[in-house]
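Novice: Just so you know, the sequences run in chain order E and Z.
Residues 1 to 486 in the numbering used here are what the first sequence lists, from first letter to last.
Residues 1 to 95 in the numbering used here are what the second sequence lists, from first letter to last.
A few of these clues could be false.
[Claimed, not checked] No farther apart than 30 Å at their CA atoms in a straight line, the calculated lysine-lysine pairs in the BS3-like style are these:
| hint | chain 1 | residue 1 | chain 2 | residue 2 |
| --- | --- | --- | --- | --- |
| 1 | E | 341 | Z | 85 |
| 2 | Z | 40 | E | 410 |
| 3 | Z | 9 | Z | 85 |
| 4 | E | 406 | Z | 40 |
| 5 | Z | 13 | E | 91 |
| 6 | Z | 64 | E | 233 |
| 7 | E | 38 | E | 251 |
| 8 | Z | 13 | E | 325 |
| 9 | Z | 92 | E | 325 |
| 10 | E | 341 | Z | 23 |
| 11 | E | 455 | Z | 40 |
| 12 | E | 383 | E | 285 |
| 13 | E | 91 | Z | 75 |
| 14 | E | 383 | E | 257 |
| 15 | E | 91 | Z | 85 |
| 16 | Z | 68 | E | 233 |
| 17 | Z | 23 | E | 406 |
[What the hints assert, rightly or not] From chain Z, some residues computed to sit far from chain E (all C-beta separations above 10 Å):
| hint | residue |
| --- | --- |
| 18 | 4 |
| 19 | 21 |
| 20 | 39 |
Calculated from the structure, these hints are not laboratory results.
The structure presented is a predicted model; accordingly, all values stated were derived computationally and were not measured.
Quick reminder that beta carbons are idealized off the backbone N, C-alpha and C, glycines included.
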Amino acid sequence: MSDITSQSLFELTSNIKEKKLSSEEITKAFIYRAEKSKKLNVYVTDNFERAIDQSKKFDSNPNLDLKLPGIPIAVKDLFCTNGVRTTAGSKILNNFVPTYESTVTQNLWSQGAILLGKLNCDEFAMGSSNETSFFGNVQNPVGENLVPGGSSGGSSAAVAANLTPVTIGTDTGGSIRQPASFTGTVGLKPTYGSCSRYGIVAFASSLDQAGPMTKNVRDCSMLLEVISSFDQKDSTSIDYKRNYYSKELSKDIKGKKIGIPKEYRVDNMPDEIEQLWKNGISYAKDCGAEIIDISLPHTNYALPTYYIVAPAEASSNLARYDGVKYGFRSTGQNLIEMYEKTRSEGFGDEVKRRIMIGTYVLSSGYYDAYYLKAQKVRQLIKKDFDDAFSKVDAILTPSTPSSAFKIGEKTNDPVSMYLNDIFTVPINLAGLPGISIPAGKDKNNYPLGLQVIGKPFDEQNILNISYALEDKINFKNDISDWWLSE
Amino acid sequence: MSIDLKTVKHISKLARISIDDEKANKLKGDLNNIFEFIEKLNELNTDNVQALTSIAETTLRFRKDEIKSENIREKILKNSPEENKDFFVVPKVVE
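Produce the complete structure using the sequences and hints provided.
Specialist: Have a look at this one:
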């Protein structure tokens with residue numbers, strides 16, 4: 001049997017069901033490896049002691065009918081976990097211990113999973129490199145001093161480094177797919193309304209979605225099946241019949257129409273990514289898919305639209321952090337000064353920058369020129385996809401315009417950091433499902449991903465296309481464990 | 001258009017985030033770069049486009065107005081920054 005921590009979710013689940021491994025053995029193996037992996041800085045808060053207790057409890061009376069029987073899982077520190085500190089990577093929530101559980105994490109525990117701990121992320125999920133976290137940057141296991149992507153950077157690094165079998169992240173503009181691409185892992189952002197937002201620290205409510213981050217496509221389908229559910233507690237949760245994604249997973253994509261949008265050929269895109277895309281197209285053809293050239297004419301306007309809509313929603317959502325009822329509080333001579341100092345000291349620079357952008361675009365006299373304009377362009381972007389999907393079943397693009405960059409390389413230039421999300425942001429604006437799968441490497445041997453975009457609620461189709469492509473691509477990450485301590 | 005220092009300070013007041021002059025100057029530069037990038041939207045004519053207000057295209061559901069949780073005072077006050085078993089404590093607001 002291969003080393004426990006390198007096994008996929010599918011293998012671990014099978015081994016538990018066949019009684020070849022116990023939950024305690026598996027949980028202890030991941031904890032042992034985490035203790036030697038502190039250099040990666042993936043954990044903000046660990047739950048190791050409780051996890052071992054829970055694994056023993058599971059083993060004493062195992063329910064093997066569950067979908068995640070006794071499987072230890074670490075999650076992004078943006079999901080509220082009852083009794084376990086939840087920080088959203090921010091100083092302002094440094095001491096916050098929720099008294100309730102997010103629906104998505106509750107779905108994990110209801111299927112037998114055990115919480116290993118809370119994973120580092122950009123502050124309030126605002127960032128593309130995990131460098132805005134109050135708890136410090138995360139190392140990408142792919143290579144020293146490389147960013148793991150963001151905002152779910154602790155999550156992507158933890159999956160790539162075999163510190164959790166699978167994890168869940170959140171994606172507002174690319175925060176699952178971009179870090180998956182940077183670490184050679186799989187990440188899926190579901191259709192808006194598929195996974196409940198209840199108990200997730202809010203960033204931009206019309207864009208936020210939780211989703212699975214895994215080693216392979218099959219694991220991704222298994223985890224999506226658990227976390228996607230209708231929830232009364234989220235007013236935008238959608239009541240529709242969800243698939244048995246893992247059971248219906250199939251490599252048969254013969255006759256599927258896959259669109260290739262010409263606008264995704266951006267200036268200065270490295271040749272390697274162009275080549276990666278071409279390879280993906282030829283693999284899809286080999287699988288019997290039909291390739292169709294399409295146009296998404298408003299692609300170039302997606303990022304500017306996003307940088308109005310997302311900060312506007314964030315400035316409203318983050319108004320709650322005032323130091324009164326929970327979280328960090330500074331002192332002031334009066335209430336207003338207390339608010340102002342609390343927020344000034346409690347938020348980091350990027351979060352403050354986005355609150356300022358959002359406040360400005362919503363302020364009197366500027367609302368029409370910025371916010372309303374952006375909502376109109378968002379309609380045009382959505383219409384581009386509606387038109388495209390009248391001709392094709394799915395769309396294939398690169399996940400990111402580059403591979404992982406060095407820590408510190410882009411921190412002084414917000415706009416160049418934002419450009420990282422150029423291929424992922426339009427999908428959030430249109431509320432569509434998208435998945436990034438590892439598809440190759442660049443000249444430095446850093447992973448690169450391809451993105452498959454689907455129609456609303458058509459996760460099964462993009463999982464199947466990814467499953468077929470994964471088989472042809474046959475990607476190997478070859479991570480050297482350079483960070484392990486004695 | 002460009003954002004001047006006075007506007008930066010006005011926004012910081014609206015956002016209830018205190019900033020000193022050095023930070024305000026740095027923010028002024030960042031915000032101007034970001035807004036230069038955002039101005040690209042003005043290339044598009046959107047006169048006859050309806051604003052997208054909800055991506056999910058569903059109407060909000062009604063539910064019964066009923067109490068589902070009881071005796072949660074302790075839970076609600078648990079993360080309060082200043083301890084007092086019955087209330088949230090804030091600086092004096094009435095002279």
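Novice: Indicate, hint by hint, whether the structure satisfies it.
Specialist: Checked hints:
no. : hint          : in the structure
1   : 341/E x 85/Z  : holds (25 Å)
2   : 40/Z x 410/E  : holds (22 Å)
3   : 9/Z x 85/Z    : violated (38 Å)
4   : 406/E x 40/Z  : holds (29 Å)
5   : 13/Z x 91/E   : holds (21 Å)
6   : 64/Z x 233/E  : holds (13 Å)
7   : 38/E x 251/E  : violated (38 Å)
8   : 13/Z x 325/E  : holds (21 Å)
9   : 92/Z x 325/E  : holds (15 Å)
10  : 341/E x 23/Z  : holds (14 Å)
11  : 455/E x 40/Z  : holds (28 Å)
12  : 383/E x 285/E : holds (27 Å)
13  : 91/E x 75/Z   : holds (22 Å)
14  : 383/E x 257/E : holds (19 Å)
15  : 91/E x 85/Z   : holds (25 Å)
16  : 68/Z x 233/E  : holds (12 Å)
17  : 23/Z x 406/E  : holds (26 Å)
18  : 4             : holds (12 Å)
19  : 21            : holds (14 Å)
20  : 39            : violated (8 Å)
Against the hints set out earlier in the document, violations occur for numbers 3, 7, 20.
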